Every structure is written in C-alpha cells, then in structure tokens.
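In full-length UniProt numbering, the protein residues as written are 1 to 116.
Keep in mind the hints are simulated off the structure, nothing from the lab. Nothing here was measured: the structure is a model prediction, and the numbers come from that model. Among the hints, erroneous ones may be present.
[Claimed, not checked] Straight-line alpha carbon distances no greater than 25 angstroms define the calculated SDA-like cross-link-like pairs of lysine to any residue that follow:
1) K63 <-> Y84
2) K73 <-> G93
3) K81 <-> L57
4) K81 <-> D94
5) K68 <-> G89
6) K106 <-> L91
7) K116 <-> Y60
8) K62 <-> Y84
9) K62 <-> D72
10) K73 <-> K116
11) K116 <-> G93
12) K62 <-> S52
13) K114 <-> L91
14) K81 <-> N71
15) K96 <-> N71
16) K73 <-> K106
17) K114 <-> D77
18) K106 <-> K62
19) K62 <-> N83
20) K99 <-> G89
21) K99 <-> E113
22) K116 <-> L95
23) K81 <-> S102
24) K81 <-> L91
25) K68 <-> D86
26) K68 <-> Y87
27) K62 <-> E92
28) K73 <-> S104
29) K73 <-> G107
30) K99 <-> D77
31) K96 <-> K116
32) K106 <-> E92
33) K73 <-> S52
34) K63 <-> S52
[Unchecked claim] Label-pair ranges, simulated between beta-carbon atoms:
35) T45 <-> W111: 53 to 61 angstroms
36) K68 <-> G107: 25 to 33 angstroms
37) K99 <-> L61: 23 to 31 angstroms
For every residue, glycine included, the Cβ atom is placed at its ideal position computed from N, Cα and C.
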Amino acid sequence: MATTPARVCTLISLKVQADHSSRRAGVQPKAQRIGGRRELLLLSTTALLADSRADLLNKYLKKSEENKARNDKERLDNYYKRNYRDYFGLLEGDLKQKKELSESEKGILEWLEKNK
1 MATTPARVCT LISLKVQADH SSRRAGVQPK AQRIGGRREL LLLSTTALLA
51 DSRADLLNKY LKKSEENKAR NDKERLDNYY KRNYRDYFGL LEGDLKQKKE
101 LSESEKGILE WLEKNK
C-alpha cells in the first residue's frame, strides 16, 4: 500500500500533537495551581475590603437606629398630610357652619390650620 505525501504529513502532525499533549498531561495550568503571590495578594485585599465594608455597614446601622424615632415621626406625618387633608377638607365646610363643636371636630380644624 502506497502512502501519499499528504497522508504522511497528516500522520506526522498527529504524532507531534500526541507527543505534545502527553508531555503536558503531568503539568497543571497556572489557573489550577495552588498558592502563589497573586492569590495571596487577592485574599489579603479581599479581607481588608470585607472588614471596611463591615465597619461602614455598622456605622450606617448605628446612625439609622439613632434617627429611627425622628424618621418614623416624619414618615407618619407625611402619611397623614397626604391621606387626611382631603377627607378633613370635606368636613371643614360642615364644621365651620356648626356653632357647637366636639373635641374631635375642634382637633380636625386645628389640624387643618396647622397643615395647610
């Protein structure tokens, strides 16, 4: 059986590739190696960033807890202004025509004056 030059080149190419891959079989790529300066640097900077983020988070949590009562009051006042102004505004016309007002009606009129 005669071998053509193209067939010889293909066989040689396959042999070279097989030798090359068998030599590399025992060596791990850089990405799979354990340790190294880069990994050490990465781990140390990651630890520093995690600590600084934790400190920043604790600072914001402390500030939030200190301002919680004030923020809750502002949020509730804003809710009342948005939701009760229209309702109390409807009652205002009827209340101004009355001669005798109950405590709650007086409170409604005071609230409307304060929040206009």
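K116 and G93 were given as a pair; does the straight-line alpha-carbon distance stay at or below 25 angstroms?
holds (15 angstroms)
Quickly compare the C-alpha distance for K68 and G89 to 25 angstroms and report which way the hint goes.
Outside the cut-off at roughly 31 angstroms; violated.
Take the C-alpha atoms of K81 and L57, compute the straight-line distance between them, and say whether it is at most 25 angstroms.
Cα-Cα ~33 angstroms, so violated.
When you check the alpha-carbon spacing of K73 and S104, does it fall within 25 angstroms?
Status holds; Cα separation ~21 angstroms.
Whether the CB-CB distance between T45 and W111 falls inside 53 to 61 angstroms
Because 56 angstroms falls inside the window, the suggested range holds.
Between K62 and Y84, does the CA-CA distance stay at or below 25 angstroms?
Roughly 33 angstroms separates the two Cα atoms, so the pair is violated.
Check the hint pairing K62 with E92 against an upper bound of 25 angstroms on the C-alpha distance.
Cα-Cα ~43 angstroms, so violated.
Does the alpha-carbon distance linking K68 and Y87 stay inside the 25 angstroms limit?
Measuring from Cα to Cα gives roughly 29 angstroms; hence the hint is violated.
Does K73 pair with K116 here, judged by a C-alpha cut-off of 25 angstroms?
holds (18 angstroms)
Pair hint outcome, K73 versus G93 [Cα-Cα no greater than 25 angstroms]
violated (29 angstroms)
Satisfaction of hint between L91 and K114, Cα-Cα up to 25 angstroms:
Between K114 and L91 the Cα gap is close to 16 angstroms, so the pair holds against 25 angstroms.
Checking one constraint from the list: CA of K116 to CA of L95, max 25 angstroms. Satisfied?
holds (16 angstroms)
Hint compliance for this structure: hints 1, 2, 3, 5, 7, 8, 15, 18, 19, 25, 26, 27, 30, 33 and 37 are not met, and every other hint is.
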